[in-house]
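Q: Next come the chains, spelled out residue by residue.
Number of protein chains: 2
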Amino acid sequence: VDAKEADFVTSTLNGVNPADISEVIRELDAEQTKFVIDLLDVEVGAEIIVNLEEDRQSLFLENFTADELATFVDQMDSDDGVDVINELPIEKREEVIASVENEEKAGYILDLLRYEEDVAGGLMAKEMIRANLNWTIQQCIEEIRKQAENVEKIYSVYVVDNEGKLLGRVSLKKIILSEPDALVADIYEEDIVSVGTHADEEEVALTMQKYDLEALPVVNVKGKLVGRITIDDAMDVITEQAEEDRQMMTGISGDVEEDDTVWVLSKARLPWLVIGLVGGLLGAKFISLFEKDIALIPAMAFFIPLITATGGNVGIQSSSIVVQGLASYNAFEDTLLKKMLKVFFVAVVNGIILALIVFGIVIFSTSDQAMAGTVAIALFSVVLLASFMGTVTPLALDKIGINPAMASGPFITTANDLLGLTVYFMVAHFLYGF
Amino acid sequence: VDAKEADFVTSTLNGVNPADISEVIRELDAEQTKFVIDLLDVEVGAEIIVNLEEDRQSLFLENFTADELATFVDQMDSDDGVDVINELPIEKREEVIASVENEEKAGYILDLLRYEEDVAGGLMAKEMIRANLNWTIQQCIEEIRKQAENVEKIYSVYVVDNEGKLLGRVSLKKIILSEPDALVADIYEEDIVSVGTHADEEEVALTMQKYDLEALPVVNVKGKLVGRITIDDAMDVITEQAEEDRQMMTGISGDVEEDDTVWVLSKARLPWLVIGLVGGLLGAKFISLFEKDIALIPAMAFFIPLITATGGNVGIQSSSIVVQGLASYNAFEDTLLKKMLKVFFVAVVNGIILALIVFGIVIFSTSDQAMAGTVAIALFSVVLLASFMGTVTPLALDKIGINPAMASGPFITTANDLLGLTVYFMVAHFLYGF
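Going line by line, the protein sequences match chains A and B.
Residue numbering for the first sequence follows my numbering, starting at 1 and increasing by one per position.
Residue numbering for the second sequence follows my numbering, starting at 1 and increasing by one per position.
What the hints contain is simulated information worked out from the structure, not anything from laboratory work.
One or more of the hints may lead you astray.
Just so you know, same-sequence chains aren't split out, so a pair can sit in one copy or run between any two.
[Stated by the list, open to error] Here are the simulated lysine to aspartate or glutamate pairs, EDC-like style, with alpha carbons at most 20 Å apart:
(1) K153 x D232
(2) K34 x D20
(3) K210 x D83
(4) K92 x E62
(5) K342 x D236
(6) K210 x E27
(7) K292 x D74
(8) K210 x D80
(9) K210 x D232
(10) K342 x D20
(11) K222 x E91
The following block holds chain A by itself, in its conformation from the complex (with noise of 0.2 Å):
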């Protein structure tokens, strides 16, 4: 490619899936990517420039006109379609846009454009084959050779009355094994399940997920058929969804990955290092306060990383459960007191348990029974404590919507060392009695 030996490239690629050229040409910049695309079918390329990672799209599309971007757009379901204008800046939508050929996906995408990315009306496609209650089997063959081009992956004919309210579907299957002329009304489906233009992303693939769906109509507020979402939509959202839940409990902002540069991975990693950083400073300028303790009872730093580790594995614990249960629309809630009640039995056995554990092994080898006590009870409390924050947390961020799996962050986890070492400061100063 170096080279830009085009013949030796088209040899190369022709035939080859475009999922497979895709993962190929992560290894390139922009203008080698543009230059591998122009010499592939069009229909190709429009399907690799669907596959690039959102952050690549922008910078990549930058090298491409209003007019050769339209040619890919007309190749593209409108879902696609709209995502890749998405990342256009808005002058250039227009032009894009307006560059369409095939006017009815140039209205296609116009109508999605005004829907949100994260929600259904912004994961559809417009793409489908519907067919009238009082249709024929063979009017729906019709229907279905007319739209062969536009509906790559059928799954099933979703059935409309006149006014175009979703009833119903009829699968490929029992249109093969139906007589041409059996009317849909006799054989469709009448129970479907479907989703709002609004309904959130999460909730379109738990709902796909549940009834084990490969494709979801949706509808408006008037149960109109307006779209339809396909499941490697939906996959693609579980994914992002894991992927982004575990950066956010790691610390790491946005998109990288390994073969990032030194530069963006360094500042991806730094924002949260400096939280750490700033929340460290703090808990030193915090003990500070005890100097004279422990100039006295040097013994009391022994414990300060016990203290603070456990703080820091309850909290982490007791918001992922959270996490994991907000992720799980239970149909049956426990109410909040309930679950705070749980969370604080939990904690009240486990920090039993450890502070025993502590003090019998304090005592054991120091038989020091004020610094055994002093452990024991700090350590008690701070489990109880870290479960509270590890619990209120998520729940208080999702309300105020922030992705809760953030409370497993390192943000969080901080703020829960400085409440531990606030406790065990406390309760060493009592119990010492200074």
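With chain A fixed as given, assemble chain B onto it according to the hints.
A: Relative to chain A, chain B alone:
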């Protein structure tokens, strides 16, 4: 349900989607569940049993006789049937399989029992439509009609030669649009993605996601078509994997949920907390070696949380990036050396920045140059060390076949804490020249 009012249950649940009934049933115990399922159609009951969470299945299945189970298994796809049978004690397995009426299905299940649960062979179902290369479309349709009961979702007809070797596929859409006397050989797509029976379940899920497939054919070593995996199973693999990674990272053993009992929740969390506790006690023991130093300069104790927290954060970030890299099966892997070099440079950049910040702040607030130098140098060393450990540990775990996400768990972070403390006190000892 408590009052066992059969009529009420039947009338309420009649016509409700089995996936919804499954959700309601999660709130019941094994006996109540059996009561409800006995009232429902065998077909619906079978679907509910498949939907039961894995850890409840075995408990629940004890309440049924082998004969009863066999009638349910008769209604399941072979892949689900095997999953259920795998939950039974060995003796009962044979009994159930012997009682399955559909002999073909019994044969399928026996065949599938040979595979591990986490490879392609363990995920696939034997039910699918296969067509000989020499058939006409009409013959395909006849085959679909014959198998309509067995194969719930068809997606594609797989094309095989006389030896049963997989050659390609014909989509249902194409079957609908082709003339009945067209030959399969003339219209089938040769370009087909398949996996071997021993492919890892993660590879299966990634392949289906990469190529946007809703069904993936499975072939044996000779290229013979032996089964197919549907997208719902791949989705389950992805969510389970994400869940497992999350639990590894947060130190919760086993599959716990918010609505488990206090005792179950405590038990799942205790082992990791105890590991953390032992680590903390080792840390205490270690710090106690420096008791005299601390008595002299209590300020040394102030920065303990700063050092351990930063080490922990850096370690988790590094291992998280590596784990992500391992999961994505990148085609162009950097060499190990190149990877380590990059990790090293990122660590140097971040380490220098953090060290400078800390040095500035400590000098500014205490004017204690030795202390500022100690903390800065120790912090820099800890960032380097934690990056190294965070990178090497998941790679090493992956090599010996342990889930690398474990490296972000409490065990490793505790080890990192200890390492960080060692570095800190050694540097302090050296700089202060005790």
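Q: For each hint given before, does the structure comply? Return the numbers of the non-compliant ones in rising order.
A: 5, 7, 10 and 11
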